[in-house]
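Going down the list, the protein sequences come from chains F and L.
In case it helps, my numbering puts the first sequence at residues 402 to 511.
In case it helps, my numbering puts the second sequence at residues 2 to 114.
Please keep in mind that the hints were generated in silico from the structure rather than gathered at the bench.
Be aware that a few hints might be false.
[As the list claims (entries may be wrong)] Over the 10 Å line for every Cβ pair with chain L, so calculated as not near, a few chain F residues:
hint, residue
1, Ala420
2, Arg442
3, Glu454
4, Ser459
5, Asp467
6, Thr478
7, Thr503
[Unchecked claim] Quick partial rundown of chain F residues pointing at chain L, CB under 8 Å, derived from the structure:
hint, residue
8, Asn431
9, Asn432
10, Gln434
11, Leu444
12, His446
13, Leu449
14, Ala486
15, Phe489
16, Asp493
17, Phe499
18, Phe501
19, Gly504
All values reported here derive from a predicted model rather than from experimental measurement.
The C-beta atom is built at its ideal place from N, Cα and C for all residues, glycine as well.
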Amino acid sequence: SQQGEEDPQALSIQEGENATMNCSYKTSINNLQWYRQNSGRGLVHLILIRSNEREKHSGRLRVTLDTSKKSSSLLITASRAADTASYFCATDGAGNQFYFGTGTSLTVIP
Amino acid sequence: DAGVIQSPRHEVTEMGQEVTLRCKPISGHNSLFWYRQTMMRGLELLIYFNNNVPIDDSGMPEDRFSAKMPNASFSTLKIQPSEPRDSAVYFCASRGYGNQPQHFGDGTRLSIL
Chain F
402 SQQGEEDPQA LSIQEGENAT MNCSYKTSIN NLQWYRQNSG RGLVHLILIR
452 SNEREKHSGR LRVTLDTSKK SSSLLITASR AADTASYFCA TDGAGNQFYF
502 GTGTSLTVIP
Chain L
2 DAGVIQSPRH EVTEMGQEVT LRCKPISGHN SLFWYRQTMM RGLELLIYFN
52 NNVPIDDSGM PEDRFSAKMP NASFSTLKIQ PSEPRDSAVY FCASRGYGNQ
102 PQHFGDGTRL SIL
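Could you build all of it, start to finish, from the sequences and the hints given here?
Shown next as structure tokens:
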């Protein structure tokens, strides 16, 4: 069964606005990762946050992790049309248990 | 770095036929994963290998599916016999030692008629 679930399932925003996606998971993790998938392509790794970290930044991406609530959020600031894609969280738990969430489809309108 | 290479990119075949999907992981990576993606079920982990050894195949749907990794640079996922409900995009991913990110191929889009 899938470990992570993203919210919302779909998000549509204007270029320049910020986009926030949330991920909830069920069991203990070593780290949580966010991936992006463009239409017709494989997933591409964006950022990894370890279980002992609370926040991480990479360019226009900001990820938070709350292990007490078993949740994470991905913020994309100053969105661009090229950010249009599906975004997935993935949890990496004990014993190499690796689960992807259901994904958030982001549309950035120019 | 050539990335993870999957072949074929597209496969269309009739039900009952045998289908073989191929994957070449990134050189030096020791873990390899096979996933299936559909609109209804999202991204499902089918099986993964560590150092060429299958570790968890609990996601393999049924006995019609089998996967092998004869060496560190090649893996296959076979479906025999294929059924229309097997239609999906199949991804292969690899990663290096430790809790490293996975690197995905561009997938094989499989259509079973």
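Notebook entry, point to check: Which hints, by number, does the structure contradict?
Noted result: Numbers 2, 7, 14 - these are the hints that the structure violates, sorted from lowest upward.
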